[in-house]
Structure formats: C-alpha cells, structure tokens
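Undergrad: Protein chains in written order, with the numbering used here: chain Z, 1 to 765; chain G, 1 to 765.
I should point out that these hints are in silico values taken from the structure, not numbers from a laboratory. Being a predicted model, the structure only gives us computed values, none of them experimental. A few of these clues could be false.
Since the list gives no way to pick out one identical chain from another, each pair is judged satisfied if it fits inside one copy or across any two copies.
Here are the simulated PhoX-like pairs of lysine-lysine, each with C-alpha atoms no more than 20 angstroms apart in a straight line [said to hold, decoys possible]:
| no. | residue 1 | residue 2 |
| --- | --- | --- |
| 1 | Lys178 | Lys64 |
| 2 | Lys586 | Lys401 |
| 3 | Lys586 | Lys395 |
| 4 | Lys586 | Lys391 |
| 5 | Lys474 | Lys620 |
| 6 | Lys303 | Lys147 |
| 7 | Lys71 | Lys350 |
| 8 | Lys71 | Lys586 |
| 9 | Lys147 | Lys236 |
| 10 | Lys396 | Lys586 |
| 11 | Lys116 | Lys303 |
There are 2 protein chains.
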Amino acid sequence: MKQYYQFDEWNIIENSFDAHYHEISESICSIGNGYMGQRANFEEQYSGKTLQGSYMAGVYYPDKTRVGWWKNGYPEYFAKVLNSTNWIGININIDGEALDLANAEIGSFSRVLNMKEGTLTRSFTASLANGKQVKVDAIRICSYADKEIGAIRYAITVLNGDAELTINPYLDGDIKNKDSNYDEKFWDAVDSSNTADLATLTIRTRKTGFVYTSAMKFQITQSGQPLSLSPIIENKTKFVGHTVTVSAKANQTTVIEKIVSNVTSRDHNEASLVSVATELLNNAFERGFDTLLAAHIAVWANKWNESDIIVDGDVAAQQGIRFNIFHMHQTYNGEDSRLNIGPKGFTGEKYGGSTYWDTEAYCLPFYLSTADQKIARQLLVYRHNQLERAKENAKKLGFTKGALYPMVTMNGEECHNEWEITFEEIHRNGAIAYAVLDYVRYTGDTSVISEFAIETVYEIARFWEDRVHWAARKGQYVMLGVTGPNEYENNVNNNWYTNRVATWTLEYALELVNFLKTNEPGAYTIWEKQLGITQTELSKWQHIIDNMYFPYDEELGVYLQQDGFLDKELIQVKDLDPSQLPLNQKWSWDRILRSCFIKQADVLQGLFFLGDRYDLETKKRNFDFYEPMTVHESSLSPCVHSILACELGYNEKAYEMYLRTSRLDLDNYNNDTEDGLHITSMAGTWMSVIKGFAGLKIESSTLSFNPFIPEEWKSFSFKVMFRGALLNVQVGANSTHITNESDHAVQVILSGKRIEIPAKQKTTV
Amino acid sequence: MKQYYQFDEWNIIENSFDAHYHEISESICSIGNGYMGQRANFEEQYSGKTLQGSYMAGVYYPDKTRVGWWKNGYPEYFAKVLNSTNWIGININIDGEALDLANAEIGSFSRVLNMKEGTLTRSFTASLANGKQVKVDAIRICSYADKEIGAIRYAITVLNGDAELTINPYLDGDIKNKDSNYDEKFWDAVDSSNTADLATLTIRTRKTGFVYTSAMKFQITQSGQPLSLSPIIENKTKFVGHTVTVSAKANQTTVIEKIVSNVTSRDHNEASLVSVATELLNNAFERGFDTLLAAHIAVWANKWNESDIIVDGDVAAQQGIRFNIFHMHQTYNGEDSRLNIGPKGFTGEKYGGSTYWDTEAYCLPFYLSTADQKIARQLLVYRHNQLERAKENAKKLGFTKGALYPMVTMNGEECHNEWEITFEEIHRNGAIAYAVLDYVRYTGDTSVISEFAIETVYEIARFWEDRVHWAARKGQYVMLGVTGPNEYENNVNNNWYTNRVATWTLEYALELVNFLKTNEPGAYTIWEKQLGITQTELSKWQHIIDNMYFPYDEELGVYLQQDGFLDKELIQVKDLDPSQLPLNQKWSWDRILRSCFIKQADVLQGLFFLGDRYDLETKKRNFDFYEPMTVHESSLSPCVHSILACELGYNEKAYEMYLRTSRLDLDNYNNDTEDGLHITSMAGTWMSVIKGFAGLKIESSTLSFNPFIPEEWKSFSFKVMFRGALLNVQVGANSTHITNESDHAVQVILSGKRIEIPAKQKTTV
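Bound-form chain Z, shown alone:
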C-alpha cells in the first residue's frame, strides 16, 4: 500500500507515469454513467501492460463454468459482463512513428479523474525515437446526460518542428474478456459500414445474442478551423477505422473530437440499431463536444448536491469518500430495472459484473439516502422481475416450493463459479427480503408491498419453510449444510445468522400478510388467491418461528456462529504472526476453513440488520467475542464493524474499521485494484460515515441521528434525502447542525431528542 495519487478534494491526480501502476490507474480513473463504463485506457496505441476495457451494462455472456467433476445442480455457466467494442481508440502516428507511451520518453504526465465533473483528462509530453516532441491533452466522458454517447477531445501539438500526423480513430469489436474461462472470444461480427463521414460497427454476443452497434464520427481542427478530410476507410472483420494524414506546424495544436454512440438490442429493435446509433450520433455530433460536456457536468452537479459528504480537516478522507460516492453513481442510476450493481461495476471483469447480495445488504441504503426513492425501488423491482427464475433455482436444487435467489446472477439464473457458495450461502435470500423492509421503513412507501414485494417476501419465506426441518432429537427446527456470510466456513450446521434471517423472513412475511389484510384488503384478496395463501401455511411458519433452534452459549452469552464453533481452537488475530496475513494469501484453504478466523461479519451482520431487537449488552458481548477473530478479508466486513463500534462507543475501533475501506482502492490496500474497483464495498464506506459516525437510523418513521466525530476530523457534513426532504447535516466536535433544504418541515431525532426543523431552516444542537 502506498499513497500514489495526489491528495485533492475533488480530483484523483496521477502526476507522473509509472507503467507498473498503469492498470491500477485504469481502474481508479474509470468513467461510467450507469449504462456504459470505460476504463482509463489510453486513446492512442499502448504496447505496455493494459487491461483494455469497455463495458455495457447488462450485456453478458454465459461462460461455461470450470469444475473438476460436474454434479447435479451445479451452475452451468458463470455469466460475465462483456468487454465490448473499444470505442475510444485514436491511433496517432507522427512522421511515420506511432505514438506509444511504452516506447516514448515521457516528459510530463498527468491523468486526472475529475469527480466533480465526471471527466477523465490526460496531459503529457513525450519524445519519440524519431526525435519529435509532442504534447497531448485529452479529455473524455461517458455522458450522463446522453447515456449512449461517449465523447473525446484529443489535442496534439508537435513541439519541435513541423510534422505529418496520421490520425486513425477506430471502433474495434475484436475484443476478448481477460477472464474468459476457456480462452474463447464472445463476440461474432454482424455488420459494418464506413463512409468518409461516419462508421458503424455491429457485433453480436455468442449464445446470448445481444447485438451491439457503435457509430463514430470525428472532426479535426487546427487553429480553431475544422479541416476538410478525405479519410482512408478501413473495414475489416469486427473493425472499422478512418485514417487521415494532416500536416501540423511546430506548436500548432491539432484537435480531434471523436463522438461515439453505443446502442444495444437490449434497448432497441435489432433491425433499427444502425439507424438509431446513427441518429443519436448525428444529433450529438451536431451539438459538439463542449455542449455535451456542459450537459454532462450539470447532471453531476445535481448528483453532488444530493449526495456529497464534506470532511473538514482531512483531505485524504475527503478524497476517499467522494471517490466512493462518485463510483457508486457511475455504476448505477436506477433508470433500468433490468440492471443492478456488480461488485466491480464497469471497472474490470472480476466477479463477472453480476448481481450479488451486496446490492441489498450494502448498496441499497446509499441509494435510499442519496437519490430519489424510485432509484432504490428499481432494485426491488429487479429482484421481483427475477422471481420466476428464483423459483426455478429452488426447484433445480430439489425444493418443492419457494424461491431461492441466486448468489450471482445476470438474468435471474444462478451463475456462480463455485457450488459450495451457490448451494450453501443461502442467507442471501434473507437479505433480499430484508431490502423490502429497509426500503419501506426508509421511504414509508408501502405501495411496493401490494404491488409486488409481498410476492418476493412470501416466496422467500416458502423457501425457508422447505429448507429447515424438524430435528426430532432437538425438538426444534434446524438448518443444516449452509455457509454464512463468513465464507471462511463451509457446509456448517445451524449458522446463527442464516437461521436468524430465515426466521425473520417468516416473521416479516406474516407481518406483510397482516399489513395487507388490515390496510389493503382488496389487494390482499388478490394476493391470497395468486399466492395460494392458506392458514395452514401461515401456522406452519409461526410454528417454525416459535421453535427455531439458535445456537447460543450460556457461559459466554454469545450466539454461536454455527454448531460446534466452540470446538475450534479459539485464537485472536492479534496473536497471529503478522506475516501470516492476509490468510487468504498465506494459508491453505483447508487451514482457513478449520480455523476460527472470520472473513466478514456473520453473527454481527445479524445484530446489525436486526439491531433494534438486541440490547447493547448483547451486541457488546458478541462484538467482543467475534471481532478479535475477524480478519476482515472481505471488503464488506469493516463497515458493519465500524457501525456497530460507533453504537458501542468503541470510537477508535470505529475509525480503524472505517479507514480499512475508505481508501481501499485509492491506496490499493488489497493489491488487486488492477482487476477493478470494489464498488459494493464503497457503499459500505458510505454507510460507515452515515450509519456509523452520524448514527443514522429510522425510528418509528423518523430519521434519527446519533453523531460521533473521529478525533482526526474537525467536522463532517453530508446530505441525505428522506421522504421528499433534503437535509444537510453538519457534525462538529461539539455540535451538530441540520439544515432542512426542502420546502416542508421535517422531524428528526437527534441524539435521542425529537426536533422539528422548519422548511429551509437550520437547527443546531
């Protein structure tokens, strides 16, 4: 871990070029708009190590799973977001020599991710082998105002003498995923067209048949004057390009503006893709780069207005927090209910760009608080839309009823690489039900229940009923053969967290049934019929609720992570030789599984989710028991611990845990940032601040804060949206100010005291 990027409140600044850091910076400085994402690759040729990556949300490929011996129920494929047409490419040739930073002598260099405006800029000077010195200033966006448009302005100046520039903007669809399981290519050529004015390229994914058309136009200006061009047209399989040669005087800047539209058959009729792409492109091209940029920046201004966190007195923390918020917004915007949040967003290929329980457990609160509630609602709709697949998934595993949501998915089907996770880590089902509670509790919007969410929760409850069984010897219900959130265990019996969320789901399903019966009897009648709700079934659930087995140790007063946990050798992380960490790099998987060490919050995850059911003493005993055995080797672990530590008054621990995620990628903490960013853990960092330091909760439909400020900070402030109101909360060492920026009065509970803040007023406590 080293501090490589310059500290800055709004920008990520790399101000020299280190080829060893290039792939990391490509991840860090990725840009995206929730529809497409682009790693911070160079426009011009680069023959050094790079992960060229252009990704389109929802365009995936079912790559055949790698298993030793296939067994029934194993996922047949691992879905992968596809590395798609490289639309940024502009090769540059200067007096016959390619501009390639791997072969040039670099003078100055800066790559800057401007988070305020959502732009990636790059400036450098370089000397080529042929002696020519050039200066390049490039800027690009994935437009947040025009989701299908990408725009680049690339300015090149030869500093020492006149030169002939050969400029070759192109679209390259002959792309391979780095993580292809069997080294296959996933795209087939469909069509291309190429005129002097405009080029299009259409490719199609194998198996899934997504069709993807890119269209490109460019103009070249010198001294502000557009040149008249007669490009040489190149039209190969899965590749179209234009080549123009222009003369440039010494110190004369040649500016290339390349505008691209990227459209897919997910959104448009396949037959009309080329015409749609062309129309969108012509429209954007006509508006020009500056206009596109201004519209893009305006969208970002609005996002920051609603979701910024300001830290006073700690630039590194400020930068880290904004970096996380920025990437969250780049990854998901709630406009398309078929999309979700991949653990790496559009910044790399690992984890396949698919949906995990991270969405419900970690990301939902971010979108609930920082955006209109319809965005969070889309995440609930996403799961409901995949309910039939979840029911099929349960059936495939031999269950007779209910829905088991997949561990990893693109389209609702299970597509993880490892059977032990897909079969056993079923606690995910609980988080998907919990998201309904989380949403309704925060927004007060109960309409989702009768519209669809009752069905999601009900079918999940049915799964749990089928998954538990009566253990005659115990005289209780048990759940065998699971893996809890702590993936450093496998196939355990009676994981407390899983038993807990399962039972909670049954309770919540009964609660929703009663809610509808009472409040929306008409809707209830419809659902009663559609779901086939019977009193027998509801009574069975009550019986499970009343008789569920929860492993507990009387002597320690803690819930047991699973049966037999106390048979393990109980060692604390602090007593390990530090050279043994991280365990997942130093120990065999076997040794990890047998050890007591915990990857991420497990029992504590339950105490976090259902925090209002457990008193502080209980939380404290469990925290004190489990946290010392926790290695936090999941990026999702520290945030939960940070939040609980805040609640328990463990201020130092809270800040320590917060630090472990806040600059995880910026400082390449896990040595894997080149693979992409830890997007879903960024939401966890946001939670550490808002639910941890600020202590945000909902108490009886009221927003509640219980602020604490780390010693290292002077103050911090943030905005949250809550039921139509926008609040600006400023936490200082000795006081908290809340400004109600909305048009109506808002009640909040601040450090236990209920107060009302009139519209457009500030309250200080």
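Position chain G against the provided structure of chain Z, taking the given hints into account.
TA: Coordinates of chain G only, in the frame set by chain Z:
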C-alpha cells in the same frame, strides 16, 4: 442394465454387433499386462463412435485443474494416464473401398475376450458398398511374457470373387485424451524412421517429458506363404505407416501379422529407445505370433492356477468372478514399484489412471492371497517411495509435521480435481498405514517394518497428531472439517471413521516402535535417530489415544458417522420413491449433502477394518442403523456390506450386496462402462467371496475360514496363497474341503476349529 454378453465360464462373448454397445465392449474386452493396456478397438478403420485407447502404465500428464476460483493449497493439476500411440491400427481397403464396420453391412460378428488365455479375438463377415463380401478373423495380445510386445494376427478373406487388398499397418501418435481439461494435445513429435522392413515412432509428453517409442514390423502371408512386399512408406508428423497392395483370390485368406514393441524412457535410456525397441521387436518378430501367443498363455495358466475361483451351478456368477480376477491381473502385476492400480486400470481415462486409497483398502487383499507376497509388498514400497511428497503435501496445507498421502496421485503429488476431497478426505492416510498391518498380518513378513514401513506409519501418525486438536470445552481431542469415506457428506466434524483410523494409526505406530525396540534393537536405534523419535512425542500420542472423542449415541448404541448426524432427517432408502435413484443422477448435490443417505460404508468401513475390536452385537446395531440409509452409489460399497452381512448371518443381504458388484461392468449396472471398467471394485468383489462367503481372516498368524454358501450356488472353490502355501478351498452346501497343494503342512482354522493339513493332502469338514 441388460444381459448383453453371452454367459460362459471362461469367455466374454459378444455375438452380434450393436454400435450403441461398442464403447462398452471396448472397455469390457480390454487387454493388458500390467505394463500396457489396450481397449478393444478395431484394428481397421471405424468411423462410428469409439474411444480409441492405448495406455502405458506410469506415463502421465499433469493437466491443469479446472476450478472456479483457485485458492491456496488447491491441486494445480489433475494427472492423467495418457492415451498413447495407437499401435493396433491396420487399415484395410478392398477394391478401393475402406473396410469400416460403420459403413458396411455386417453379417455375422463376434468379439470374444478369452480370459483363460488373455486374448481378444474378433470374427465377422461384412458386405461393402462395392458388393465385396469379406470375412475377418483377428486375434491380439498384450504379451504377459514379453511386457513390451503387442501382437496381432489379422486374417481377411474376400468371399465373393478376387479383389485387390490395400493393407496399411501404422503407428499413430497424434492422439488426444478424451478427458483433456482444456482440449489440448499432450504429445509432441520427436522422431520417426521408416524402412520397408521396420517403422519406429517416437513421441514425447509435454511437461512430464516421457519419451515413448513404438516399433512395428509385419508380414503378410497367403496360403501359408509369406509375400515379398515393397510397401509404400508414409512418414508424417507423429505418424508412420506402410501401405501394400496384394491381390487375393476369392476365398483365399490373407493373413497379416503385426508385431509391435512399445518402450518408454521410464525403463530405458532416452537415447537408446529406438535401438531397444528395434531389438525387442526383431527378437519377437523372429519368434513369430504363435510362439509369442503360447508364452503369453502359459503365464495366464500360472495366474489362474494360483487365483481362480470356481462357482458350481451359476455360470453368470462364474463368468463375473473370473472377469474380475482377470482384469485385476491385467492391471497390476507388482513388477514395478513405481506403478499402482488406477480405478479404471488401462480400460479408459476417467479418474486419470491414478492411485487412490482403493489400492490399500480394497486391492491389497487380492494380491496378498493370489500372488507371491513380493507383489503386495511392492504396493507398500510404492507408498514409501512417495513419502517425501506426502510430507510436502502436508506442508502445503500448513501442517508442521508428518505426511499426508494424496487422495489421487501419479508421482506422490496430490492431483485430484476437487479441493473438498483433497483437503478433507484425509482418512485415506489411515488406510495407507493399515496396509502395513494387513500385509504383515497376512504374510508374517516383519522385515518390511524395519526396512521402511516404520517410517511410513510413523510419519502418518505425526500427521494425525498435528491434525487433531484439544477442544477445551469437550476436554477431548477432536478433528474438524473432514469428509469420511461417505462422500455424500462434506466438511463434517468428528467423522467417526476418520477419528477411528487416526487413533488406530497412533496405536499402531506405538506398537511398531515397541516391536522394533524388542525384536530389532539395532534397527530401532537407526530409526530412532532418523525419525527423531522422542518419548515426549510417543507420550503425546498416547494422550491422544486415551482422550480422543468418538461420537456415539447411547440411546441407539451406534457410533455416529459425524457430529450432528442425528439432526438429519433419517429416512431409509426403501422409503424413497425408486424413481429418485440413483441419487447422484437424480438429486442435486446440495440435496444429497443435506440428506442422511450414505454413498458407501463409513462407520461400517471402520468396523470392517478393525473387526476384531468390536463384538457382533455392536456390528449388528451399526449395520442395522446405517445399511438401510446406504445407497451404495460407490462401486466400493457393497463388498464391505456383503462381508459384514456374512459375519452377521444376514445371508440374503450378503448375496444381494455381492450381486451388486459381481457383474457391475458386464451388465453395465451404473451406465458408465464405456468410460472404462471399475477395476478397484473388482477387488471388492473378490473380497466378498473370499472374506465374505468363505470368511477368510487371519487369527494369530493362522488362516481362518468360516464358510457360507449362497443358496443359489451348488459349491464354490478358490485358491489362496498363504505364507508359501497354496490352498485350494472348496465350499459346498454341507461340507468344506481344503487341499494343501504345497510341500509343507499348513494349519488353518475352519469354522472355529484349528486343523493341520499335511502337504499335498485334502481335508474335509
């Protein structure tokens, strides 16, 4: 399951051709000699579905493992016995048309595996599209007298008119393994030579660098006269062939004798391979096919004399038993201590041709009783030779001392496809120690202890010491995270069988230490130093022995397969809908893991191994509890149950279990015989007869029998070798005869009575 092959006491007879059964017959009628093996493929071209297979013992390739996400300690490769040069090929062309049974009209057809003589013969008549009718009679052997020699006599007669025959014997090294993980080829070309007289082909395995040279010669005779030939020579990459064209009169038989030598760098200096192959071949060719055949048959006659089992009154059983004995001898002959017994022998590619614990647990008793003790001894030497690798294997998993033998291996390194098996199914280590006991008890040869076996057992004991740990709450030693022999469980705690063999190993290690101290103090001193034996260590082992936790249920009076087993839903197999069987084809892996159903003997395996420690009542209670939940979906399961059932007087159950293995492959019971034969389970069948029906045991160094005869049989008889004596045991419904065929008197215990049988005498009881 259907009876496809004709019942016959000595032959496996397929007397019509069914293309759907072809790959099954290719497995069934495989021939081999412990050095090489050859599936019953056709010599001439066959364009239908076939698994062409020629395998050389010990020539393997480390194929990269397929895993979703690699974790530390995972096996990096899955070693595979290599499909090698096709040496049997003789393409035939008749008047310009290829002889290909996939395209010809077949008249009569028979394929016969003659188990008495170790030959594969084939006869057929066929009509080609060009109207020519031909008759072929082919016979081939993998010589047991000359291990590197394969010989074929192929006689072809055109029945309706004169014809021009184009005959093309060849060696084809451009071979691929069917089960290549990434569809790669494993052989590179090295060299070839081809003269009118003799062709050689040399290829080399990738990664492992085994070099393999085949040499071939052939002659063609008509009416008993060798033809003088001027073959066209073909010499391509990894292929050499000769093509000759001869004229044949109607009904004149043209006989091709092709002799091949196959040698490898495992046995010879790489530089001399071609000359060694040439010399062996010239020598064999000079002797001629008939002489080679006679020598081969003589070896088989001797093997049958020592190991035959004769069943009177049940031809199907007779055929089944001989089939098993035959293939055991074909797979392993103890001549090379670097070799072992792959689960499929040389009859297919599944399971990689590698060594499993099957060898010690199931195969060793067969070789102990049916061959000179030096053959069984080689199996002990094999493991001892791999001890250093087993110590490395333990180290890789994070253990500080001791040896963990691999689950699957070629060269001592772990190379299974599935982490959950390699990490957890460590009970195999116990079986490897147990083999020493088994060998010494049977042969009385204690020399192995001081020569090397003390080291094997001692290092395994050290592993167990490291693998168990003291569970403070229980006040006992426990062993967490294992899989027992019942692979329908995963990652369980305190598997009774594993705890049992672990503790037994510690006991046996102490016993061997004491044995040496007492009987071979000189050897003990050497080992004490070399192994670093200390009293502290031995005392620690005694402490573990005295304080090991064995899950047991007082109420049922049974050992528990593992912690929490009684929390499962306990259902009996008979109460399952039969359509749900076999579970491994009908149920998801998840459902299987959660169920109580047992794949193969687990607790019962322990009661079988350590049978002298448990009384009949204990065995009965455990058998009655576990057998009804056992689905016997491992081919290794029924034999142990059959043996225990005999002991418990459950005669019907014993015979039922016996039937499940005896004709497993012949009747394609598991629908997978096309992949190869279940070689190691064949040893189990042999045990069912000898240890089950005949009740063979060793009691205080004396051979003991407790015979029982299934109602379906009139009598059965078998030979066993024991400490230099050869006994012929005949079991009838009312009497048992034992003939001592050796030169010295032998004591036996027959149905509890000790008797002495003088040399060359028969005793009847």
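Undergrad: Find the hints from earlier in the document that the structure breaks and name them by number, from lowest to highest.
TA: 5, 9
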